[in-house]
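Starting from the given sequences, assemble the full structure and let the hints guide the process.
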Amino acid sequence: MPVDPRAVLTRPAPEPDRTVAYGDHPDQVADLRFPAGTGPARPLVVVVHGGFWRAEYDRRHTGPLAAALAACGYPVAQLEYRRTGQPGGGWPGTLTDVLTGVAELPALAAEALPGRVTRAAPTLLGHSAGGHLAMYVAASAPATVAGVLALAPVADLGEAYRRDLDAGAVAALLGGGPAEVPDRYAAADPRMLVPIRTRTVVIHGSEDQQVPAEMSRDFVTAARGAGSDISLVELPGCEHFGLIDPESSAWPQVLNALQALHDDL
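Its first residue numbered 0, the sequence shown is counted upward by one per residue in numbering that gives the first Met the number 0.
Keep in mind the hints are simulated off the structure, nothing from the lab. All C-beta atoms, glycine included, are put in the ideal place defined by N, C-alpha and C. A couple of the hints might just be wrong.
[Claimed, not checked] Simulated restraints, written as ranges between beta carbons of each label pair:
(1) D16 x W250: 20 to 26 Å
(2) D262 x G167: 25 to 31 Å
(3) P181 x G226: 21 to 27 Å
(4) G114 x P181: 44 to 50 Å
(5) A185 x P11: 39 to 45 Å
(6) E179 x A40: 45 to 51 Å
(7) V2 x A40: 36 to 42 Å
(8) N255 x R162: 26 to 32 Å
(9) D262 x D182: 36 to 42 Å
(10) G36 x T220: 36 to 42 Å
(11) G226 x P13: 39 to 45 Å
(12) P251 x D16: 21 to 27 Å
(13) T37 x G84: 38 to 44 Å
In structure tokens:
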């Protein structure tokens, strides 16, 4: 019987080692995981979860991924943020939460995981809508981000709106379409924020049904043409959720890309 690729979303994972708050709202928090083994302090990896920015998806579904990264020796933070369908979520709260969380987490993690995390700018690993948020932060506050690994990102909000991804998810985030709230798209859409100077690697599965791989191909071509430090790895036969599943055939390539980004810091 074929394995449901969505199974990773509900797979149990070890509880985090610490949870820290970067704001007063219950969702302005991050779960921290100690890196396995011993060694010098390393920069943080901040995991920005997807779910089309909607309230029904939270950071818990990235537990297997975060635990696997920690087992490989990375200090990890699973960032939470207010989402559409919640008070304060959407425009601009979702975006400002992630900006604030990324800026503050290195210091919070260094205090909570003494000797294992540096206060250097972190690497962001974002999946789907989390990939959008990671690139948005890199474009808007580049000093707070050392590198971005974007997994099946929603990299072009205007195109995602035109394709009606997840039945109006972009309009729910920004409060309308590009013709209605153009200033919000100009501020939040990675496609309109190129060049993104932060080193970025995009990984996308060719069989992705949630966020078509064509969107990443077009975005990376345009971003590179504008002078962005960006590359694309397309995985034949891979769908949307395999990129965050440590049990998938795609996982070794995700790890390799993260290692190349993180170890150059």
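Original post:
Against the structure shown, which of the earlier numbered hints fail to hold, in ascending order?
Top reply: 2
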